[in-house]
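Visitor: Residues per chain are reported as follows:
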Amino acid sequence: MSKLKKNASGFKLNHYLTYIVVTAAFLAVTFMNQGGILNKKMQGLLVPVCCYIIMALSLNLTVGIMGELSLGHAGFMSLGAFTGVVVSQSLVDTVPNEAVRLCISILFGAVIAAVAGFLIGLPVLRLRGDYLAIVTLAFGEIIMDIINCLIVGHDSKGVHIIFNFKGDKSVADLNLLEGGKAIIKGAQGAVGTKTISTFFAGFVMIMITLFIVQNFIRSRTGRAVIAIRDNRIAAESMGVNVMKYKMIAFVISTTLAGVAGVLYGLNFTGITAVKFNFNTSILVLVFVVLGGLGNMLGSIIAATVLYILPEALRQFSDYRMLIYAIVLILVMLATNNPQLKALLQKINPFNKKKEGGAVQ
Amino acid sequence: MKKFEKGKMVPVPSMAIIPERDMDSPPVLECIHLGIEFGGLKAVDDFNFVIGKTEIAGLIGPNGAGKTTVFNLLTKVYNPTHGSIMLDGIDTTGKTTVQVCKMGIARTFQNIRLFSNMTVEENVRVGLHNQVKYSTLSGVLRLPPYWKQEKVFHDRAMELLSIFDMQDMAGLYAGNLPYGAQRRLEIVRALATNPKLLLLDEPAAGMNPNETAELMENIVKIRDTFGIAVLLIEHDMKLVMGICEGICVLNFGKIIAKGTAEEIQSNPEVIKAYLGNNSMEG
Chain A
1 MSKLKKNASG FKLNHYLTYI VVTAAFLAVT FMNQGGILNK KMQGLLVPVC CYIIMALSLN
61 LTVGIMGELS LGHAGFMSLG AFTGVVVSQS LVDTVPNEAV RLCISILFGA VIAAVAGFLI
121 GLPVLRLRGD YLAIVTLAFG EIIMDIINCL IVGHDSKGVH IIFNFKGDKS VADLNLLEGG
181 KAIIKGAQGA VGTKTISTFF AGFVMIMITL FIVQNFIRSR TGRAVIAIRD NRIAAESMGV
241 NVMKYKMIAF VISTTLAGVA GVLYGLNFTG ITAVKFNFNT SILVLVFVVL GGLGNMLGSI
301 IAATVLYILP EALRQFSDYR MLIYAIVLIL VMLATNNPQL KALLQKINPF NKKKEGGAVQ
Chain B
1001 MKKFEKGKMV PVPSMAIIPE RDMDSPPVLE CIHLGIEFGG LKAVDDFNFV IGKTEIAGLI
1061 GPNGAGKTTV FNLLTKVYNP THGSIMLDGI DTTGKTTVQV CKMGIARTFQ NIRLFSNMTV
1121 EENVRVGLHN QVKYSTLSGV LRLPPYWKQE KVFHDRAMEL LSIFDMQDMA GLYAGNLPYG
1181 AQRRLEIVRA LATNPKLLLL DEPAAGMNPN ETAELMENIV KIRDTFGIAV LLIEHDMKLV
1241 MGICEGICVL NFGKIIAKGT AEEIQSNPEV IKAYLGNNSM EG
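Quick note, the sequences are listed as chains A and B, same order.
With our numbering, the residue at position 355 of the first sequence is 355, and numbering never jumps.
With our numbering, the residue at position 126 of the second sequence is 1126, and numbering never jumps.
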């Protein structure tokens, strides 16, 4: 019993450990970068890794903490990315300071993703069952199609938007004034974006995300959400409003996905909506599941390793996805192996997982 | 606690089993012709029942008699197809489980439904959810209300756990507790919602005779300390006959007898329903 008690209080240590690990990793990578150890390719991966870490943390809130499946999380990322690009490109002249412009873009991206999350949650979170998975899956595809027929430009008069549903319109139809420029060109996606995302910004956003998610879990609202996941009927009988608390968790989750999207979108000069397809959603889900449901540090590590791995294996060209698949299978086998689990539990002083076989 | 409104007072039916101390106060719970049908099967039929403000009432009956269904009707897990439920004189028709909980009905479950991935203290804190409040924003940003209210959460949770001497288990995961402790924790968690009526579904199931005796004392203690009514389903006749002031016997969804322990024990209908012979133990 005393051992179990120690484990329970170990959660607090794990809580701070996550911040320490992220900060240490950031410092290490920064020094390596300055020392010239990282090659160009690795440098290019830094911001996307940050984005996928935020995505994994955000999806872990939905899947691990709330216990609902979201199969279209890339859709919210996409919304954030294109909102961020439009806002940032429109403000190039008005707000020359890149850091301030990035903050404003993140704010707008987050709000749009939050609104989308709220609108989706409104009907779906009332239902019991896997409906959230179905609806978010559809949402991801719909958003992709909508952005594919979106043509946006900006000139001295402001932002011009046309929907190119029939496919007969082009940038010329925007009737931009002199000095205006196209921001999103339909299926070609965003072009000519000024890249203002930095590794430092990515690090700050990861820390903010961690702060929000970890504090959320350990607050009154977070307890209500976990209670609903553990036992919906009991939670209702304790007076916990299921719809309300699921909604809060889901909106926070989509907001953070929007933030990740803005960072991602502003890291590349060009980006298409197809980038945020079903595969991306599943990729993030793989990070979450392999990192451990509800385990934030696990999500961060899984996102880092599993995102860099296929890129690092690029020299093996044809075999890289094969190796990736083998690694996935090995991780799954390892994390489900009782002997290995027991061994890890012995080694890890910050163990927070309870021993299995709860009386139910 | 909500004050009872005089105008909505419900006349106490003459058949009510109410101890003398509750004579002047209106009943906390009144079921009028309550019933539910599942596709033609009348699980509960014409259930008329009244509980006084500080009464300990028992609901007994053979397996499948509809006892837990009555609890599910009271807490709105099922919506009744007939009749109505008055809680403290207020009709609960159309209310949800959450609203009924806020009005003052708390329950435990026959098959324990704890939040097994949470600690004992966190379980009680979920019970206190509507008693102690702060906004999500102050929780996420760790603003002063968070620290102040979390301290209240902790103090109240510990106070409630002390009823069953469970303070030193506060940090354990609820799923790892022994069976008896899990049952006790469910009662504590239900009490945390500040109820007027506590529904206990087989609180002594799986407990040994010593634990059961202790539980009997504690149920009476809870009633006296909190001044609430208790309705319990139980198969342990020693417990039911020992502490219940009024007993209601259910068979095939219908009430076959109501009365005090002595009246029930000598009721031929009850004996027939249970065993067909003279013994009440079983």
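Hints are computed from structural coordinates only; laboratory data are not their basis.
There could be a bad hint or two in this list.
[Said to hold, decoys possible] Which stretches of chain A does chain B cover? Using the computed rule of at least three CB atoms under 8 Å from a CB of chain B, they are:
1. 173–184
2. 212–220
3. 237–250
Glycine included, each C-beta is placed from N, C-alpha and C at the ideal position.
Visitor: None of the hints should be skipped; say for each whether it holds.
Guide: Hint by hint, here is what the structure shows:
Residues of the region 173–184 of chain A lying with their CB closer than 8 Å to a CB of chain B number 0, which falls below the three-residue condition for coverage. With 5 residues bearing a CB less than 8 Å from a CB of chain B, the region 212–220 of chain A meets the requirement of three and the coverage assertion stands. Given as covered by chain B, the region 237–250 of chain A passes the check, having 7 residues with a CB less than 8 Å from a CB of that chain where 3 are the minimum.
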